[in-house]
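Protein chains in written order, with this note's numbering: chain B, 636 to 957; chain X, 636 to 957; chain U, 12 to 332; chain Z, 12 to 332.
If you are wondering where the hints come from, they were derived from the structure by calculation, not from laboratory data. Bear in mind that the values here come from a model prediction, so they are computed numbers and not experimental data. One thing to keep in mind: the hints can contain errors.
Claimed, not checked - Simulated pairs of lysine-lysine, DSS-like, Cα-Cα distance not exceeding 30 Å: (1) U/LYS332 / U/LYS301; (2) X/LYS649 / U/LYS35; (3) B/LYS676 / Z/LYS142; (4) U/LYS143 / X/LYS744; (5) U/LYS142 / X/LYS793; (6) Z/LYS118 / B/LYS676; (7) U/LYS312 / U/LYS282; (8) U/LYS143 / X/LYS793; (9) Z/LYS118 / Z/LYS289; (10) U/LYS144 / X/LYS793; (11) U/LYS312 / U/LYS35; (12) B/LYS848 / U/LYS144; (13) U/LYS273 / B/LYS676; (14) Z/LYS240 / Z/LYS282.
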Amino acid sequence: MLVTYGQAIGDAIKEEMRNDENVIIFGEDVAEMGNIFGITKGALEEFGHDRVKNTPISETAIIGSAIGAAITGLRPCVELMYSDFALVAFSELFHCVGKWRYMHGPEYKLPLVVRSAMGSSFGAGAEHSNCVESLFMHATGLIIVSPSTAYDAKGLLKTAIRSDDPVLFFEHKQLYQTKENIPDDEYTIPFGVADVKREGKDVTIIAVGLMVKKAIEAASILEEKGISIEIIDPRTLVPFDKETVFESIRKTHRVVVVEESNKTAGIGAELAAMIQESMYDELDGPVLRVAALDVPLPYNIALELHCVPDAQKIVTAVEALF
Amino acid sequence: MLVTYGQAIGDAIKEEMRNDENVIIFGEDVAEMGNIFGITKGALEEFGHDRVKNTPISETAIIGSAIGAAITGLRPCVELMYSDFALVAFSELFHCVGKWRYMHGPEYKLPLVVRSAMGSSFGAGAEHSNCVESLFMHATGLIIVSPSTAYDAKGLLKTAIRSDDPVLFFEHKQLYQTKENIPDDEYTIPFGVADVKREGKDVTIIAVGLMVKKAIEAASILEEKGISIEIIDPRTLVPFDKETVFESIRKTHRVVVVEESNKTAGIGAELAAMIQESMYDELDGPVLRVAALDVPLPYNIALELHCVPDAQKIVTAVEALF
Amino acid sequence: MAYSKNFLIDIYEELVELRLFEEKLVEIYNLGKVPGHIHSGVGEEATYVGTLATRKDGDYYKITHRPVGASAIIGVPLNTIFSEIMGKRDGNSGGRGGVNHVSLLSKGMLGFSGTLACDIAVGVGAGLTIKKKGTDNIVYVYYGDGTSSRGPVHEAMNLAAVWQLPVLFICENNQFAISTHATEGISVENPGADRAAGYGMPSKIVDGTDVLSVYEGAKELTDYIRSGKGPAILEAKSYRWRGHFEGDQARYRDAGVTEEWKRKDCVEKMKKYICESKVATQEEINAICKKINDDLDKAIKFADESQSITVEEIYEYMYVK
Amino acid sequence: MAYSKNFLIDIYEELVELRLFEEKLVEIYNLGKVPGHIHSGVGEEATYVGTLATRKDGDYYKITHRPVGASAIIGVPLNTIFSEIMGKRDGNSGGRGGVNHVSLLSKGMLGFSGTLACDIAVGVGAGLTIKKKGTDNIVYVYYGDGTSSRGPVHEAMNLAAVWQLPVLFICENNQFAISTHATEGISVENPGADRAAGYGMPSKIVDGTDVLSVYEGAKELTDYIRSGKGPAILEAKSYRWRGHFEGDQARYRDAGVTEEWKRKDCVEKMKKYICESKVATQEEINAICKKINDDLDKAIKFADESQSITVEEIYEYMYVK
Ligand SMILES: Cc1ncc(C[n+]2csc(CCOP(=O)(O)OP(=O)(O)O)c2C)c(N)n1
Ligand SMILES: Cc1ncc(C[n+]2csc(CCOP(=O)(O)OP(=O)(O)O)c2C)c(N)n1
Ligand SMILES: [Mg+2]
Ligand SMILES: [Mg+2]
């Protein structure tokens with residue numbers, strides 16, 4: 636069936652709520668409004684107020700209560716409206732969600748999912764556009780998912796809801812309306828398995844979220860220039876599928892990492908550091924990073940677009956490797 | 636004069652409070668108790684309750700009110716007891732402190748300093764031992780200082796208090812009692828100037844905070860093995876003194892980055908990525924990272940010591956480069 | 012209270028300015044001239060105008076995302092405001108911050124955090140500066156009913172109260188946090204007033220559709236605060252006329268109730284009052300409206316013609332040095 | 012209230028257990044057997060014992076860093092507790108978590124966050140599970156006077172109240188947050204009780220040096236909560252006898268006041284009561300103390316002999332899978 640990325644996410648939630656009555660959702664405006672993007676639309680009508688709850692604007696209580704519900708037998712799939720606001724519950728996520736089981740012992744399971752909409756979206760400004768995955772990569776005990784297609788989003792979210800470990804699930808606002816044909820039958824996608832979004836032989840591009848689209852655009856441009864690009868979407872940043880990446884590098888010997896957040900200490904920092912550490916002898920050049928400029932994302936749209944990576948910037952980086 | 640790192644910090648605060656009556660300090664237990672490590676001892680007696688204030692346990696209010704005080708003319712030097720607790724005010728630091736001037740315009744200056752004690756300290760556990768600099772390196776608009784000696788701590792803190800830009804100042808608990816002879820006369824140290832803590836020719840070690848000490852230990856061991864180590868302490872992570880590092884690499888062609896926090900997406904990730912990007916042709920091998928294991932820091936001291944880097948782990952990493 | 016003619020006219024002018032501002036904001040948004048999202052404050056003007064009628068030079072203000080036009084009342088030039096809203100060079104941050112960050116420190120505006128409530132304590136910090144200087148100035152800290160549920164509000168209020176700082180917290184209770192009605196998100200009827208006792212602060216509830224009621228409540232509390240007695244909470248009851256942001260059809264609520272509230276229009280109420288009490292004639296009122304309308308249009312034109320900053324300027328304003 | 016003999020003996024036993032536990036904790040700390048910092052709860056036993064006397068199977072508990080011995084009352088085996096405190100294999104997390112993370116889910120213990128107050132809402136979440144199951148169980152959420160100033164307490168209380176969850180918030184007001192006296196950090200006299208109305212919850216203040224006063228207050232509120240009426244706040248007034256952590260000499264406060272409070276010893280008070288009301292003889296009491304003392308010593312010995320986990324096990328308990 637042809638669905639949008641947004642629908643795929645909504646469907647995954649509803650299917651899992653049908654599968655397991657312990658799955659509940661709560662967050663700001665998820666009930667009547669079906670969340671501000673309409674992703675959870677219909678859940679309230681089908682499952683009722685006991686399982687679909689609006690919360691007050693209180694992100695620390697959302698995460699804290701999700702922990703409490705999860706360890707006592709429910710499977711909360713909660714929402715932090717924009718991923719920028721995940722930072723107001725940063726301690727709860729970093730110290731509590733990530734370390735609870737380790738600090739308290741193996742009785743403690745945290746089957747909880749935190750969904751959050753991320754990324755630039757044309758004038759949303761410096762506090763409503765952030766991609767924050769890299770901040771959580773430094774945490775311990777979390778699973779971090781950042782899907783780029785409807786197919787991946789659905790399969791990974793179903794896995795996330797069934798997981799006994801806590802998952803941060805980042806959805807890109809600009810992808811909500813993108814459409815894809817996905818199987819009618821139920822499927823799940825395991826964590827830690829990257830997807831090769833395009834095969835190629837000259838350069839490996841690792842791209843995340845919306846940047847997968849930009850990388851695909853860049854690959855077309857580069858193809859015309861005679862450079863063949865392999866695009867790898869890790870899909871889950873933690874656990875990270877090193878093997879798929881390394882295999883690609885053994886073929887291409889050149890790597891560019893593309894992310895939407897600003898460059899310093901971003902996703903690309905970890906991936907570039909890790910790759911050159913592990914695959915030094917296979918590399919024909921440095922692992923390059925394409926990322927946003929290190930400024931708060933400007934509100935002015937021309938500046939915003941200048942700030943975040945686009946196909947042209949990826950092309951330039953790739954060409955610099957030759 | 637011979638002072639401890641802790642005294643040097645206390646002296647810097649008091650000297651700047653004498654210099655400028657707009658400098659005020661507040662935080663949990665900074666007044667009568669002089670903070671839980673005794674760092675601000677004596678300030679209350681000298682400057683009174685108007686300028687030395689205990690706060691309730693409310694980190695978001697500490698940072699928020701520091702912003703408000705700073706933009707309206709005071710120069711707050713505030714304290715977040717342990718740097719782990721900086722994470723409960725993460726949004727205030729990341730979104731507000733870091734972006735306030737950019738979002739509101741050049742009238743807005745934020746002459747504020749946030750001091751915080753960091754690092755492992757023998758059984759303090761997973762929530763009282765973190766080093767969190769790397770999380771803030773991904774922010775924009777912050778200055779990040781992490782001194783390793785009494786001399787550096789004093790000179791940099793004085794610069795921080797005089798800075799019109801916001802500074803996060805991380806003090807290592809295990810360093811508070813270390814002693815050093817420092818000048819009697821007033822001095823300051825500019826941001827963005829790394830210090831070569833030891834000259835050498837075979838390998839460049841970049842180390843931060845307590846890890847500078849561990850690197851020095853490792854260098855002695857390696858010297859006996861005939862490997863000459865240059866140790867660079869960036870002192871400020873933002874701004875980062877690339878030139879001193881690059882110059883060293885032009886000589887040694889080998890780099891190891893040592894940090895105390897866990898490896899994934901830590902300080903070493905950014906430094907390794909940046910160095911191999913900029914200095915690829917100068918390098919004779921990968922930039923290696925020595926960091927803590929990717930687990931919440933265990934309470935059991937044997938495991939804690941196993942987790943964080945020590946001289947031996949640094950030696951092993953250096954030897955792997957030959 | 013007995014009011015002077017000038018006072019009433021000033022208040023009315025500000026109400027009209029804010030109303031027209033908020034209406035024009037929607038217009039320019041619909042014309043595609045605003046990059047970001049806007050949150051119209053139409054219908055809620057009295058809360059700002061009534062409280063701000065108690066202001067003095069040297070006071071500070073922490074406003075919210077709704078209504079942005081309040082910055083005009085506080086004294087930010089319209090050209091600056093609309094330029095920032097349209098993301099242009101002549102805005103206070105050259106369009107870097109945008110519609111939610113219209114601000115001017117020289118007029119006492121402290122700025123705003125789009126991450127709601129992270130800025131409440133910013134007002135408290137400004138109160139600390141005032142207290143250290145020893146003036147009788149105060150800080151006006153506005154926040155919404157929805158925002159009242161956030162932890163930093165609690166931390167900021169407790170700190171302001173223990174330090175006895177000159178801060179007036181103003182809860183704009185427009186009954187909604189996006190789609191969530193106050194009764195669904197808040198455990199008490201009056202998220203502002205009912206919590207004041209828990210900080211040892213006085214409070215007042217006022218009718219946010221009646222600017223003079225707001226003014227009187229604000230006057231009582233600001234007098235108290237200016238006399239050095241510490242912070243207080245004012246809660247104004249109003250209703251959000253439009254959707255949360257433009258595009259939100261507000262299907263989650265009863266349109267009939269909205270219509271009822273629209274009949275309690277604070278601008279009309281005041282107009283009626285000044286006409287009936289012969290403070291101004293219809294003609295004078297028309298002249299006021301026309302002047303304001305023209306000023307707004309002029310500023311919108313100015314902003315429209317203002318340039319974007321160049322990409323080379325993107326790093327400016329990050330650091331002082 | 013009229014109490015049965017068994018009830019009184021049980022309560023007394025728990026008081027003694029907690030007292031001896033907290034004393035022995037200091038002892039083993041001084042012997043260097045505890046890796047981390049400890050926060051002795053000596054003198055504050057009645058708050059836990061009195062509230063926990065209202066507990067039922069299936070209830071949940073969110074305790075704090077003080078007194079850690081409360082976990083023994085709730086039912087965590089002493090061997091587990093001391094092993095965790097000493098960082099050993101037989102602790103609940105094999106010594107990974109440590110003294111502040113003594114816990115056992117099968118006994119209803121939810122765990123603790125060393126980042127204070129980040130765990131208050133964890134109790135609220137457990138309340139959600141109870142409400143969904145429809146039992147009359149409740150959650151006991153303990154927090155200190157100092158912790159009451161943190162934002163997440165506010166968020167958690169508001170959420171518990173709007174969702175009408177079965178949670179008893181217990182404010183252990185021992186009057187200090189490290190060196191900061193409650194009056195310096197908190198803007199009202201009763202950080203628990205004075206804020207209850209702001210969430211629409213009932214509250215009670217009890218004498219934390221009198222275990223039966225605590226019990227009676229807790230009984231009233233837990234009956235209310237178990238009947239489905241939603242959360243409530245109990246505030247117990249006590250005093251921190253020792254420094255914040257061992258090594259803190261508490262120079263910031265008047266030692267005379269501490270001595271006064273020590274004369275209000277909750278264990279002595281209860282002992283006097285059960286002796287005078289002839290519930291137990293001095294001999295019986297001696298036997299109780301001896302038995303508890305021996306059990307504690309045995310557990311300490313067990314823990315002392317328990318091994319550390321090996322470095323190979325360091326990654327265990329990170330993930331379920
Ligand atoms: C910390 C945080 N959480 C969520 C949001 C998303 N958000 C923006 S406005 C809003 C509703 C605010 O309600 P209220 O405070 O009543 O102000 P109103 O919009 O009614 O004027 C929400 C939830 C945000 N900006 N910040
Ligand atoms: C978020 C956070 N801030 C600060 C601390 C440091 N700290 C540990 S205990 C404590 C005092 C707590 O006071 P209270 O809640 O009254 O409990 P008590 O120690 O008196 O039992 C503080 C400030 C912390 N652990 N977490
Ligand atoms: Mg509202
Ligand atoms: Mg206390």
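### Query
Of the hints given before, which are not true for this structure?
1, 2, 6, 9, 12 and 14
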